[in-house]
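Trainee: With the hints as a guide, bring both chains together as one complex.
Those protein sequences? They're chains L and W, same order as listed. Read in order, the letters of the first sequence are residues 0 to 545 in numbering that gives the first Met the number 0. Read in order, the letters of the second sequence are residues 0 to 289 in numbering that gives the first Met the number 0.
Incorrect hints may appear among the rest.
[As the list claims (entries may be wrong)] Some chain L residues judged to face chain W by a derived CB distance under 10 Å, without partners named:
no.: 1; residue: T87
no.: 2; residue: V330
no.: 3; residue: S353
no.: 4; residue: I373
no.: 5; residue: A392
no.: 6; residue: D400
I should point out that these hints are in silico values taken from the structure, not numbers from a laboratory. Where a beta carbon is used, it is the ideal one built from N, C-alpha and C, also for glycine.
These are the residues of each chain, in order.
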Amino acid sequence: MTDATATHHHDDHTPSIWDWKRWVYSTNHKDIGTMYLIFAIIAGVIGGAMSGLIRWELAEPGLQVFTGQDTGWGAIFGNEHNYNVITTMHGLIMIFFMVMPAMIGGFGNWFVPLMIGAPDMAFPRMNNISFWLLPFSFALILISMFVPGVGGDNGFGGGWVMYPPLSTTGHNGPAFDLVIFALHIAGVSSILGAINFITTIFNMRAPGMTLHKMPLFVWSILVTVFLLLLAVPVLAGALTMLITDRNFGTTFFDPAGGGDPVMYQHLFWFFGHPEVYILILPGFGMISHIVSTFSRKPVFGYLGMAYAMVAIGFIGFIVWAHHMYTVGLNVNLKAYFVAATMIIAVPTGIKIFSWIATMWGGSISFRTPMLYAIGFIFLFTVGGVTGVVLANAGIDQSLHDTYYVVAHFHYVLSLGAVFSIFAGFYYWFEKIFGVKYSSLLARIQFWLFFVGANVIFFPQHFLGLAGMPRRYVDYADGHAFWNMVSSFGYLIMAAGMIVFFVLLIDAALRRRPAEANPWGEGATTLEWTLSSPPPFHQFNELPKIK
Amino acid sequence: MRFPAALGAIGALFFTLTAAATAMPAQSYPIDGQLGLPPSATPVMDLVHDFHNILLPIIIAISLLVLGLLAWVMVRYNKKANPTPSKTSHNTLVEVIWTAAPILILVIIAIPSFRLLYFQDVIPEADFTIKTTGNQWNWTYEYPDHGDFQYVANMIADEDVASWPIEAHRNLTTDLPMVVPVGATVRMEVTASDVIHNWAMPAFGIKMDAIPGRLNETWFRVDEPGVFYGQCSELCGLRHAFMPIEVHVVPQDVFDAWIEAANEDPYEAPRVLYAHYDALRGETRVASAQ
Numbered sequence: 000m001t002d003a004t005a006t007h008h009h010d011d012h013t014p015s016i017w018d019w020k021r022w023v024y025s026t027n028h029k030d031i032g033t034m035y036l037i038f039a040i041i042a043g044v045i046g047g048a049m050s051g052l053i054r055w056e057l058a059e060p061g062l063q064v065f066t067g068q069d070t071g072w073g074a075i076f077g078n079e080h081n082y083n084v085i086t087t088m089h090g091l092i093m094i095f096f097m098v099m100p101a102m103i104g105g106f107g108n109w110f111v112p113l114m115i116g117a118p119d120m121a122f123p124r125m126n127n128i129s130f131w132l133l134p135f136s137f138a139l140i141l142i143s144m145f146v147p148g149v150g151g152d153n154g155f156g157g158g159w160v161m162y163p164p165l166s167t168t169g170h171n172g173p174a175f176d177l178v179i180f181a182l183h184i185a186g187v188s189s190i191l192g193a194i195n196f197i198t199t200i201f202n203m204r205a206p207g208m209t210l211h212k213m214p215l216f217v218w219s220i221l222v223t224v225f226l227l228l229l230a231v232p233v234l235a236g237a238l239t240m241l242i243t244d245r246n247f248g249t250t251f252f253d254p255a256g257g258g259d260p261v262m263y264q265h266l267f268w269f270f271g272h273p274e275v276y277i278l279i280l281p282g283f284g285m286i287s288h289i290v291s292t293f294s295r296k297p298v299f300g301y302l303g304m305a306y307a308m309v310a311i312g313f314i315g316f317i318v319w320a321h322h323m324y325t326v327g328l329n330v331n332l333k334a335y336f337v338a339a340t341m342i343i344a345v346p347t348g349i350k351i352f353s354w355i356a357t358m359w360g361g362s363i364s365f366r367t368p369m370l371y372a373i374g375f376i377f378l379f380t381v382g383g384v385t386g387v388v389l390a391n392a393g394i395d396q397s398l399h400d401t402y403y404v405v406a407h408f409h410y411v412l413s414l415g416a417v418f419s420i421f422a423g424f425y426y427w428f429e430k431i432f433g434v435k436y437s438s439l440l441a442r443i444q445f446w447l448f449f450v451g452a453n454v455i456f457f458p459q460h461f462l463g464l465a466g467m468p469r470r471y472v473d474y475a476d477g478h479a480f481w482n483m484v485s486s487f488g489y490l491i492m493a494a495g496m497i498v499f500f501v502l503l504i505d506a507a508l509r510r511r512p513a514e515a516n517p518w519g520e521g522a523t524t525l526e527w528t529l530s531s532p533p534p535f536h537q538f539n540e541l542p543k544i545k
Numbered sequence: 000m001r002f003p004a005a006l007g008a009i010g011a012l013f014f015t016l017t018a019a020a021t022a023m024p025a026q027s028y029p030i031d032g033q034l035g036l037p038p039s040a041t042p043v044m045d046l047v048h049d050f051h052n053i054l055l056p057i058i059i060a061i062s063l064l065v066l067g068l069l070a071w072v073m074v075r076y077n078k079k080a081n082p083t084p085s086k087t088s089h090n091t092l093v094e095v096i097w098t099a100a101p102i103l104i105l106v107i108i109a110i111p112s113f114r115l116l117y118f119q120d121v122i123p124e125a126d127f128t129i130k131t132t133g134n135q136w137n138w139t140y141e142y143p144d145h146g147d148f149q150y151v152a153n154m155i156a157d158e159d160v161a162s163w164p165i166e167a168h169r170n171l172t173t174d175l176p177m178v179v180p181v182g183a184t185v186r187m188e189v190t191a192s193d194v195i196h197n198w199a200m201p202a203f204g205i206k207m208d209a210i211p212g213r214l215n216e217t218w219f220r221v222d223e224p225g226v227f228y229g230q231c232s233e234l235c236g237l238r239h240a241f242m243p244i245e246v247h248v249v250p251q252d253v254f255d256a257w258i259e260a261a262n263e264d265p266y267e268a269p270r271v272l273y274a275h276y277d278a279l280r281g282e283t284r285v286a287s288a289q
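The shape of chain W in the complex, shown without the other chains (with noise of 0.2 Å):
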């Protein structure tokens, strides 16, 4: 039972970043007892936000009508508050009104939705491009900006999590994340190599179909330094559930230093970003590990 961990994040409405340690960049993942939507990363998410704001009191507010009308009617015409029934099966005008109502509330959507869709689908220009595949059942990386280089995303077995050298989530995180750098615009391309996956990021609003023989793109821009999960959302086969998507947004020098390790060998690349964090702890483990 979980229920003294979920009353304490139902406390914490919403909030579901959580800066583990000091100077650690914050993490996004899910919270147990969570309500809302991930935290915002990036634009399109801000303005998936501000829909969803507008949306849901809007739904709530429909759906307590129809159940406030419903409740009336229980208690002011049951049999024995009402014992002859009318016989009004007609009356124009709130037949229209409950007909042009709606549209009117539908144009009131329509507004922010459109705005928020092709804010999101038209790409900007972007500092540089990166692309992954999907494959049953990890992702692979390539950065042809920088090099040329790719490495294969794999999740980490369950025994290894409280071992890991950075904070881990089971089922979350992997072995190579992908890095960005703060603040830049960012290209992805989506592909697959034998079945259709799916790479959404919850924290940017991106939900992109990896689909064999087409070359799917979309975009983002992370202004803040973080740790953001994700997870294959195309139901892919045996391992669906196992082939997370984990990308790390650092300040553009230790991009820059990860770029170079990971043109050397991107598979001992992650030790870059294990000495960014320990020296925002302050603490050398990699040597000690080494």
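Extracted from the complex, chain L is given alone in its bound form (with noise of 0.2 Å):
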């Protein structure tokens, strides 16, 4: 796929970083992908923020932070009700405005027309309104923590699940309006950098390059756009309802009025499972590009890799009900969701086996990118295994809602996700920015993150099986040591935050020349045929794939 023609640089045009039209008025997707991975930096600083908070509060039995109490400053944040407010917005802004935005909008926006060799995507204008929605959404349900939620309290306190009657009659104050709000516009974003995607990877591959050609991160971006595409409607529509519960008098789901707050949850997680798979996809698509050049072999198993990717989608629109377990559902259907959910272990132990395999036999460097891969596949098999204990109806009603399952959605999303995140960061920051990053510093993150997110994630297994439930400002004292535990390794984790910050001043200030392609021969996708960063245009000669 290496066959590039040489490109015909049209750096004459690239208008001034200082320009602010560049930016608002951008319809380049290289520029858009800037502005998503610059904005997801920001949500996942102020998410990340809140899981301080939130494990400061659990350091100890008692209540720390959230008390009520006047400090002699004030109540600074507020009471119980404001830590169920920090629990529901740390979920929602790591899922809407840090993963979404980092995975889809910056690394597809920036590589998926790079990898298929098109000068831009489909419909550039589009693109831009799918960016510039996402800091208004964002907005809005900053702005809903501080308007009343509920009695005198500030803020929607209902989890990120929002389930009514809680999200309805237990909230009758106007933040959750705005929370809805906040979800309609990021998942109208969402739809149009869905369609975009489709229409550009199906109408815009360089000649040469058939389906069964295409690289695997672009295979990922597909698969995870479909999901969007046929989830997020049903999300808007439980949401919606929920609007017209609240303010105009339906009773969708209002027993008293025939309604069924179950139905609910089951349009809920119609949309919900798949999100998750939105989560990752995109994880997987990167870490096989990783895996591959840094063996400096190809991926083993290409078409196994992408229609396992595509299994994994299919699967996860039929398995919803798994986190219904305990709602009172037939034994029947439980019985049902129970095996089409451990079915999902078979795709994804084909993809976890191919990685090694692509490792296996290869000529392994160690560079940054490489080592947060290493750490995904074997901290995903880990989050995934859980998975299959959880899948199983029986034992859930020991585990469900308890930290056990914080425990499990964390390894695989924050030390899944958020560790592709930035082994994709890594391995392109180069092509993005232009400079190269201090090693060392990529190194000392990576360890920081890695031992930070397993003291603070493996202990939740123990806290969750001995019972301790899920959403608790204060818990039972014989939870204490475990929880103090992964509360230092919050500690270590924020550490390695702050290095992660001081690497991006570091490159900035020293300003290091890029390499077009610092990774020889192992990395063959077309972005690497291009300069670091690569022309404001690219490919107005499309590249022909052999």
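Mentor: The structure is reproduced here in structure tokens:
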């Protein structure tokens, strides 16, 4: 796939980065991708600070932070309701404003056109509105924390799942209406982005690049955006019903009027389960490229890898009620969802083993992205096997809504998705920014993250088995020790985050010029045939793929 | 810092039942540093334990297999050890194996999983029914088969824990426990009055959503007397963490006496329990308290 024709340079058209019109009016996929990445970093810092408040509160039994007491400086963080607000916002921000913008908006925008040899996205102006909807959506959801939620307390504290009646009669203030509008706007942004990617990938591949020659990252984005296109409208519908239940007297989810709160859960999880695959699939794509590049070997079982992602995407739509084993489902229905859920382990296993087989017989160099990729493979496995445990409805009666679940989904997201984002970030850093980063600082950050994240989340398995329910501002004294350990882990990971910002500043100040291809012969996709950073407009003559 | 306490608990791995004093019934609550599931009190939880004992070795073995393979390729196929990479990208045999082997493991898991699921979910003929209703933020208990009395159980305040008539635990003890006799098969009806709650009892292997407009049912049978604690397990607002569940399993005669007292005034009925525990201790604290 490497045979790109020489690119013509049009750098003379590149506007200054200080020209605000370049960003606000941008129709350039690379500029929009950069804005998405910066947006994701900002949202990630806010969401990460919120998890700091959570770990601070849970470090010891009793109320530390959300005491509702005037500490002399006023009740800074408020009461137990505000704790629920913080956990809710942490989840929504990390999902909708950190992982999705980074993976799909950031890396997807940057590298889907480059990898398929296209000059830009199919609908550049739609790309612009996709991005610019997000800051407004983010603003709405942040503002919601400061307007009345329930009683005299501000913000929406009903969890990221937003179950009624807690989100309808349980939160009578306008805060949750703002959350709904924020998610509607974020949903519009996602759907527009999805349409754009589908059109781009189907119509703008360079001559000779058949679907079966397409890089795996593009495959992963293609599957992801199909999931978005099919899942997000269901969430939008459920949220719209919440709006009318709250404000216009309908009773979709109110048993007093013939509705059913469980119907919301079905709708939400019909969106919610594909959503968690939306969060991880682009990571699968990136990890495949990174493992292949640094093993100097082609991806093992390319077609199996591509169709494993398609299979995961498809199965993702038929397993939603495994989030609802405790609502009182019919036992045969539960048996079906147990079986369907466990099947996901098969294509996931194919991917894990294919990555290892890609390394097998390779000539591996342990550069920073490869460290993250290897860390990802192991930690995603750990998160995956606890998923197999949770898939069983019988044992889920013990583990549902405990910290076991929290540990499970943070292993696949905080240690899976986030590690793959950092792997991709360091893999493409030079390509995106045109400067090198300090490999030493990046390695320090990796080890702080690897140790810190495991210290945070591994003990949570024990807490969950012992029965500690999630979303608890205070717990039984018997859960104290592992909570303390978990909170220490946060400090380690926070130190890693500080190193990350030192790395960014260091790279910006030293400005060591990037190479077009710093990774050598293992890096075979089209973006490495271009300069770093690539010209403002690339592939004016389409590359030919053999 | 709670390291000493935790180290002690690690030493007593999985032993989370502690009998306070001498002849007192066992209390079941989380122990600091605990690593595993709570000890079982019901036939359902017995099966949960059995099933987890099957699952845990499997998932540890899979994780170690992946870790071992990664370690092997990192040692054997790093740049120094293997300067020229192979170009192998297909091997039909291993691809078939790593597709078929997981399916086989899943089938092995599925058999005990379905056995547990159907045992848990199909309710046997019950001796009697208790109905509980989740409210923000307490539980209402009704005994329709024993005179249809009802009462509301609230968490006790932190400052009352030390002076509570029986061994009490912060965030776990309620002012009015639910009471059942030893060996009875109890059918629990679970619903809610405002938002969704969840009636969870870890030692019983029970977690059942309490949903307004729905009546969920589950069951349990406890064969040894004891005091069991659980906590609301579905986010329900401000005081979600502070609406615990406390179940006392007592001998039939104590249960009968409690029922009689509860039909008079359920809010005074716990005296029967305290008297029973005091008798076990050979004390008469109730009399002196009066």
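Trainee: Determine for every hint whether it applies to the structure shown.
Mentor: Hints versus structure:
{"no.": "1", "hint": "T87", "in the structure": "holds (9 Å)"}
{"no.": "2", "hint": "V330", "in the structure": "holds (4 Å)"}
{"no.": "3", "hint": "S353", "in the structure": "holds (8 Å)"}
{"no.": "4", "hint": "I373", "in the structure": "holds (6 Å)"}
{"no.": "5", "hint": "A392", "in the structure": "holds (5 Å)"}
{"no.": "6", "hint": "D400", "in the structure": "holds (5 Å)"}
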